[in-house]
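Work the whole structure out from these sequences, hints included.
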Amino acid sequence: MLSNKVIDYCKNQGWWHEDVPAEYEEALRKLDIDLESDFAHFYLHADDGPTFYSRHQEIYQICWVMENTVYLEDMTVAQLTLGLPEAYIPLDSFEGEGGFFYNRQTGDVALVELGESIERFLNGESTPQWASFNNFLEWYFELE
Numbered sequence: 001m002l003s004n005k006v007i008d009y010c011k012n013q014g015w016w017h018e019d020v021p022a023e024y025e026e027a028l029r030k031l032d033i034d035l036e037s038d039f040a041h042f043y044l045h046a047d048d049g050p051t052f053y054s055r056h057q058e059i060y061q062i063c064w065v066m067e068n069t070v071y072l073e074d075m076t077v078a079q080l081t082l083g084l085p086e087a088y089i090p091l092d093s094f095e096g097e098g099g100f101f102y103n104r105q106t107g108d109v110a111l112v113e114l115g116e117s118i119e120r121f122l123n124g125e126s127t128p129q130w131a132s133f134n135n136f137l138e139w140y141f142e143l144e
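Per the working numbering, the sequence shown starts with residue 1, numbered consecutively.
Source of the hints: derived by calculation from the structure; they are not laboratory data.
Cβ atoms here follow ideal geometry from the backbone N, Cα and C, with glycine treated the same way.
Keep in mind that a hint or two might mislead.
Simulated restraints, written as ranges between beta carbons of each label pair [as the list claims (entries may be wrong)]:
| # | residue 1 | residue 2 | range |
| --- | --- | --- | --- |
| 1 | V70 | G96 | 19 to 29 angstroms |
| 2 | N123 | N12 | 39 to 49 angstroms |
| 3 | E73 | L114 | 18 to 28 angstroms |
| 4 | E116 | A22 | 40 to 50 angstroms |
Subject to a maximum C-alpha distance of 16 angstroms in a straight line, what follows is the list of computed EDC-like cross-link-like pairs (lysine to aspartate or glutamate) [claimed, not checked]:
| # | residue 1 | residue 2 |
| --- | --- | --- |
| 5 | K5 | D38 |
| 6 | K30 | D74 |
| 7 | K11 | E138 |
Dropping the structure here:
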């Protein structure tokens with residue numbers, strides 16, 4: 001469940017909407033996202049256009065991006081290029097040789113950077129930085 005901190009922040013920004021577009025639910029189903037997850041709750045209700053911006057970085061509004069781009073193809077390319085398991089989907093465009101990835105199976109979020117960082121991650125020598133998508137959002141929007 002999303003924390004009140006995240007929901008209140010989104011409401012204060014004018015991003016939170018109670019109505020859920022059917023195409024957004026369908027976009028998450030195509031990604032095999034549990035519609036009861038923190039991830040789904042955020043992306044079904046928070047919308048500020050194609051991206052959110054904080055900490056000098058953008059993350060996608062995944063549902064918008066699914067509807068308006070070739071995200072599924074980009075996701076597959078990112079997974080193959082970086083050698084990431086299929087469970088991990090990109091939350092951003094991986095600019096600056098690093099990016100955030102959400103694990104659809106466990107709900108954790110990892111910051112993956114090229115070089116030694118990704119090697120340690122793929123070898124199981126490092127763990128995702130955020131144990132839940134909600135924890136990631138609280139960090140990302142500086143709500144901690």
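(request) Verify the proposed pairing of K5 with D38, using a straight-line Cα cut of 16 angstroms. (result) holds (13 angstroms)
(message) Taking 19 to 29 angstroms as the stated bounds, is the beta-carbon spacing between V70 and G96 within them?
(response) holds (21 angstroms)
(request) Just tell me: holds or violated, for the beta carbon distance of E116 and A22 against 40 to 50 angstroms? (result) The hint (40 to 50 angstroms, Cβ to Cβ) holds, given that E116 and A22 are roughly 44 angstroms apart.
(message) Just to be sure I understand the hint, the distance between the Cβ atoms of E73 and L114 should be within 18 to 28 angstroms; is that true here?
(response) holds (21 angstroms)
(message) For the hint 39 to 49 angstroms, verify it against the beta carbon of N123 and that of N12.
(response) holds (41 angstroms)
(request) For the pair we were handed, K11 and E138, check the Cα-Cα distance against 16 angstroms. (result) holds (14 angstroms)
(message) What's the verdict on K30 and D74, does the C-alpha distance respect the 16 angstroms limit or exceed it?
(response) Satisfied, since the Cα-Cα distance of roughly 14 angstroms is no more than 16 angstroms.
In terms of the numbered hints stated before, the structure departs from none.
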